[in-house]
Amino acid sequence: MSDNTAKEQNSIPTSKVERSAKFVKTGFKIGGNYIKHYSKKLFNPEMDKSELNEDNATDIYQSLSELKGSALKVAQMLSMDKNLLPQAYVDKFTQSQYNAPPLSGPLIVQTFKKYFGKEPGQIYDKFNIRSTNAASIGQVHQAELKGKKLAIKIQYPGVGDSISSDLKLIKPFAFRMLGMSEKELNIYMMEVEERLLEETDYELEVRRSIEFSEACANLNNVVFPKYYPELSSKRIITMDWLQGKHLREFLATNPSQELRDQIGQALWDFYNFQQHELRAVHADPHPGNFMITPDGKLGVIDFGCIKVMPEDFYYPFFALTSTNLFESKEDTIKAFRKLEMILPNDTPAQIEFYYTMFKQMIGLFAKPYITNEFDFGEKAFFDELFGFGEKVSKMPEFKQARGVKHFIYVNRTNFGLYNILHELKAKVKTDTYKPHVEAVGT
Amino acid sequence: MVTLTRKSNIMATTESIQKAYIDFVLTEGTQPKSVYVFAKQNEMAEEEFYKFFGSFDAVEQSVWADLTHKTLAEIRKQEIWPQYSAREKALSFFYSFFELLKSNRSFAVYSIKKQRGFGTPKLLEPTKELFESFAEGILNEGIETSELSDRKFFSKRYKDALWVQFGFVLNFWINDDSAGFEKTDEAIEKGVNVTFDLFQRSPIDNLFEYGKFLAKNGGLKEKMGF
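Chains as they are written, first to last, in my numbering: chain A, 1 to 442; chain B, 1001 to 1226.
Isolated chain A, as found in the complex (with noise of 0.2 Å):
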């Protein structure tokens, strides 16, 4: 009867039984669509993965777009990391970085009552009930106050609750389409979970949009909305509206070269600055967290998500990506062994093999580092880091846990800023802010 056309989400299942369900039905869906996959391979031997690949990413779009709140955040995150997942499943996922249901006018006055006594309308000039975009755990309204327009961010109730319980469901489907061993996606898991629960803290996301935003208030072509602490909560964020355009829509009125490049420079700027000189980056680079102004500037809107580096993690990585270090062997697979990539009870064979491999692998991000201007427009580039992705992926050596959690968030934020520059097509000074390594070898 139903075919699979856009399902809408007029629905969200309650309990954490239905939500099981929901995912059950899903796990059902993939296992028939192997089927049909396998089958069919056995008349057509040629036929890749793509197929099925699309199929499963529909079945568990529907499935996660139901679910909404930290589910929803899951699948932004999978559908960040294009390196470690198949195209078809990118695709799907990108739309749930656009879409979800709306909360009803009258719970969004009771969370307002909820926090300030008062009502939207008594705290501001304006307020638009309808909400004009969803924020994945949150929804986004505009409002005006004393000829300004503002954005007002409004978080879901019960998403803090639910992230736990979604994570544990969706544990069977990470393990399944990242393939990926126990105990990895466990170490995967806490931290992601660590930092979802830190995104449900609304003061502590305006506490560091304010500190980032002033701390990066001098880099080129950046800007920040202002924020009001004053109109804030634990649930409600005001901020000045950035007029703009999203990613996507900004591409689709053909920019000039020049343009993207300005964007691109400005996106580096603002990554790099922050990783070399913050020690903490914004850690959610999906393009629904920028806007790009009419007069051509990058503006960020989500500090939600933030990732602090530590020292022990940051020298010893960075090293590897910026000095000579890969001379030595000795010295390297010492790094590898401070970031856990090389574990002490690994045979020396071991070691070579994940020596030549992590090697080779830090050789390929490193690269827009290596030269002062890299041109992300560059396809080579990326079919050579996404066929090597594809190559690791399939090898039973790192079916296991390596390298330390912070590498989680670090190559989410890279491999993230790199994809957005390569659809942008920039072209960028890559010497602006570079890593810090004075203290290695200390």
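Read the hints as simulated data drawn from the structure, not as lab findings.
Treat the hints with care, as some may be off.
Unchecked claim - Selected chain A positions facing chain B (Cβ under 8 Å, derived; list incomplete):
1. LEU103
2. SER104
3. GLY105
4. PRO106
5. LEU107
6. VAL109
7. GLN110
8. GLU119
9. GLY121
10. ILE129
11. ARG130
12. PRO157
13. GLY158
Built from N, CA and C at the ideal position, the CB exists for glycine as well.
Once you've looked at the hints, dock chain B against the given chain A.
For chain B alone, kept in the frame of chain A given last:
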């Protein structure tokens, strides 16, 4: 002037009896032994009490009813009220009611938990009347604007469905231990929306219409070859 003072006097006494009563049951965990004891404790004549209430149960009823009155007055005062659909008006009532109830949570828990059995507890009867007349109002509005589907027999029962929903949320809230009763907010959002989804025109209406059409245009069995 005179009437005003007298009126405020009466109000004060109604309230003071309610307050004293709530204080008593929450401290003692049970109703006072008799009106005599209660009146004596609060330094008033027994007959003074009967001027306002016939029994202790009547006091409890009035606490609930007052909360409902207050909620209704509050939500209707909202600037946005006239713009709300029937669905949103119902949601608004639920949210505001439970927000107000928060400040009387101990009493509400005491009062509800001592109720046994099914159906509407006696102490909520006046509340039910208020609720139903409010619900009927917004539901009729919704039917007039065709936000809701007008179904024979059933549309008269919509208000009962809302009352059941109210009872459900009330029980949910009594047992809710989430911070800020956020789970109750979720229960309201989801529950009331589902209920209103059922009030709306749905595929079932279409199926019913189709069935009616086939029945009226007769010869169904013959045409299908039976």
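Okay, the hints, checked on the actual structure:
Nearest Cβ of chain B to the Cβ of A:LEU103: about 7 Å, under the 8 Å cut. The hint holds. Because the beta carbon of A:SER104 sits about 5 Å from the nearest beta carbon in chain B, less than 8 Å, this interface hint is met. For A:GLY105, the interface hint holds, since its Cβ comes within 8 Å of a Cβ in chain B; the closest pair sits about 5 Å apart. Against a cut-off of 8 Å between C-beta atoms, the interface hint on A:PRO106 holds, since the closest Cβ of chain B lies about 4 Å away.
At a threshold of 8 Å, the smallest CB-CB gap from A:LEU107 to chain B is about 5 Å, leaving the interface hint in force. A least Cβ separation of about 7 Å between A:VAL109 and chain B falls short of the 8 Å threshold, and the interface hint therefore holds. A least Cβ separation of about 4 Å between A:GLN110 and chain B falls short of the 8 Å threshold, and the interface hint therefore holds. Hint status for A:GLU119: holds, given a least beta-carbon distance of 6 Å to chain B, under 8 Å.
Hint status for A:GLY121 relative to chain B: holds, with the closest Cβ pair at about 5 Å, below 8 Å. A hinted interface residue such as A:ILE129 counts as satisfied when its beta carbon comes closer than 8 Å to some beta carbon of chain B; here the least separation is about 6 Å, so the hint holds. Because the smallest distance between the Cβ of A:ARG130 and any Cβ of chain B comes to about 10 Å, over 8 Å, the interface hint for this residue is violated. The interface hint given for A:PRO157 is met, as the beta carbon of that residue sits about 4 Å from the closest beta carbon of chain B, less than 8 Å.
With a cut of 8 Å, the hint placing A:GLY158 at the interface with chain B holds, because the nearest CB-to-CB distance is about 5 Å.
Violated hint for the displayed structure: number 11, the only one.
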